[in-house]
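Trainee: Each chain, written out:
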Amino acid sequence: MKDAKMGINDSSLNGKLARMNGFMEINYSLKNFSAGMRFETYLPPLVGYDTRFNGYGVPNWFLNYKNDKIEITAGNFYDQFGNGLSLRTWQDWTLGYDNSLRGLRIKFSPVDGITLKGVWGVQRNFWDPYTSGSRGIVKGADLDIFLNDLFSGLRNAKTKLSFGGSFVSDYQSGKTTDILVDTLVYTLKLPENIATYSGRVNLNAGGVNFYTEYAHKINDPSALNNFIYKDGNGLFSTLSYSQKGLGIIGALKIIDNMSFKSNRLVTDNQLNINYDPDITKQHTYALAAMYPYGTQPEGEFAYAGTVTYTFKRNTAIGGKSGLTFAVNFSKVNALSKDSVYESSINGMAMNRAGTIGYKTNFFNPGKEVYYQDFNIEVDKKFSKKWKGIFTYLSQVYNMEVIQGHATDYGLIHSNIGVADLTYNITYVYSIRAEFQGLWTIQDKGNWGAGLIEFTIAPKWFFSMQDQWNYGNSDIEQQLHYYLVSVGYTYNTSRISLSYGRQRAGILCVGGVCRYVPAATGLSLTINSSF
Amino acid sequence: MTVPLVVLLFSSCDKIKAPYAMAKYGHITDTVVEWDDTVKMVKRVLLEDYTGHTCQNCPAAAAIAHNQDAYYKGKLIVLAVHAGYYAIPGTGNFDVDFRTTAGEQWNTDFNIIAYPSGMIDRKVFNGQQVLGSSEWVSDIASIINQTPSLNMAMINTYDSNSRTVNTVIYAQFLQSLSGSYSITVCVMEDNIISAQDSSNTVIQNYNFKDVLREAINGTYGEILTNSVNPSLTYLGRFSSSISTAWVAKNCWILAFVSKSDTKEILQAIKQKVIK
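These protein sequence lines are chains A and B, in that order. For the first sequence, position 490 (counting from the first letter as 1) is numbered 510 according to my numbering, and the numbering increases by one without interruption. For the second sequence, position 77 (counting from the first letter as 1) is numbered 78 according to my numbering, and the numbering increases by one without interruption.
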């Protein structure tokens, strides 16, 4: 509905006062066979969802046969090789993301411990039917070997080792294309077959787990990388240790020109063949998630670490009920890149179309900071009735790189505090309150947020929340973003009704983001599974 | 089933070798440039000599053109366009082909049916645009000392490894003019030795000069401007390949600006590919 303070008027609404996203998924199985379909409707899509979703249909269906050795799927399927550096197809309803493959998938296990997968198909792109040139044909194979299952002598070993490799190729027709570079039109030679291959190892010994995956992609000139011919490289590694009461995990991710799409001209979230895993912490509290990180497949150097420790009950720090303490740090920098000599201009160039693009020392981070997050969370149960979660965050956010908005203030430095308190009145009634504050002198300034939620277990909840941009330098924009909600759960069905304002921002899931515009109105959500 | 799949996948991999890109044709921008006084106020006339290697009267016309070229010391530019019947490759020493797509199109569009024929800045003289060689001397003289309405300058940079010449052309109108103006950029080659028929005999080692080899940005070029602004300099950047069949040190880049509708040429300039 209209909201003058938010800039929502008749022109921006354009007559679309009511919108709907909905789907129904039906799966049926009989012995070794199963089949399913998903009907989707967007009439029109909710605010913030791509308008190309407008319409309805059955974008997803499958037929499947599975026995001990082999599994065959025809139709739409989702799959992932390793951590996705070479291939990951997935779907997220809240993000409006679906890059499923439609074709054939075969999974074969000739013996225990060896799994072979093969995929061949084309990706979903909204409602567009596949035509030659609309997008490429994706084919891939993956081999996974779990030694502990392969060799009977290792079955009961405490040390577990697996390794695997994959090869993914995308065919897009078109041997040349014309582009404009510095006022000259160039004809580029294009690779019609682009391949990515990867290898991975996973070692688990005692409480230690080590995983590493490396992927290499051959030349893939595209609109996203400005049509350069540099090969791509990706490395993802984690090392963790866990024992009762203690968990430590570290992660390293280096990505160099690893965007891999089945249409070289696409620059948005569509038609990704692979996946750039996000190792920053995904926050759920509203102000902590104000500035979420979106992965940069063209180049990033990221590392992160988390230590979680539980102080036992009846200790000085743990108190009567114990206390869990978690500290997390993550940082993402640009990749270090150097320009290269280009004979056509008799000079050095960086990312110039029609050239190798740049050179990089893969293990060197660049100087530019994309994102940094340091946070401490304390989870404490005070008594049978009271418990609390207290979080402090210090974040650094590069708006220009992550959201593409040029700013005059450079990086956003913010401090965030969250107190989340729950009081169990009885076993049935409970009340939860959140108090949040975000302090920054950049972007829109300081925010305060509060939420109060009343729950009648297991069926009802009522909540009121508000986010207030009290620190905005424009007094007219020191708005309250209020929201009242009520919800009812019955078995596996849930219905909720909300009314209020949604502030503009970005929503990220696993490093993939979409823009969420400002909106005011009533929303009804119904979820049911059966 | 798995092995053929793996073999098929591993063959699905196109590694492109450099060079990755080839410049296609030019593009125009505008800016303000400080001009060197020495390049100002020079009117250069373009004489197009439509000819062919089996045209018996053509060597005589070519001689007139070259004499005029020498007389006007750089103010006249000659372009030999091999087109039409007498340019068709023959047998023996006449099996070479000097024709070009642009030359053939001009030959057709300007309705050239007799050889040798010429055009001078593609202007109309006494009701005629296509001129016999006997009219060239007087028609050239009537316009060559006119005040130019356009200044042009050209810089060529040649890369012998890739056989690519990068050309920057500067053009500034000296007065406000209405209408749309085009720029056409060509490659010419001198000192091509081949057979030429003449009125007396076949000259086996005839020296062909000013031969049109290619119009690199299209038969009628591309739009320089649709709205002349005399305070601006129009920059055109072009990149052209020098074929291995041509001798780079004998090649020139020729550029001329013409009215887009009438094709009348305002100014021309040429520079050697290699200084």
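Watch out, some of these pointers could steer you wrong.
Said to hold, decoys possible - Calculated pairs, DSSO-like style, for lysine-lysine (alpha carbon to alpha carbon, straight line, at most 30 Å):
{"#": "1", "chain 1": "B", "residue 1": "250", "chain 2": "A", "residue 2": "209"}
{"#": "2", "chain 1": "B", "residue 1": "16", "chain 2": "A", "residue 2": "209"}
{"#": "3", "chain 1": "A", "residue 1": "357", "chain 2": "B", "residue 2": "16"}
These aren't lab readings, by the way, just hints derived from the structure by calculation. Just so you know, these numbers come straight off a predicted model, no measurement behind them.
Trainee: Could you run down the list of hints and mark each one as holding or not?
Mentor: Comparing the hints with the structure gives:
Straight-line distance between C-alpha atoms of residue 250 of chain B and residue 209 of chain A comes to about 29 Å, which keeps the hinted pair within the 30 Å bound. At most 30 Å may separate the alpha-carbon atoms for a hinted pair to count; residue 16 of chain B and residue 209 of chain A meet this at roughly 10 Å. Distance restraint check for residue 357 of chain A and residue 16 of chain B: the Cα-Cα separation of roughly 22 Å lies within the 30 Å cut-off, and the hinted pair is therefore satisfied.
Hint compliance for this structure: no hint is broken.
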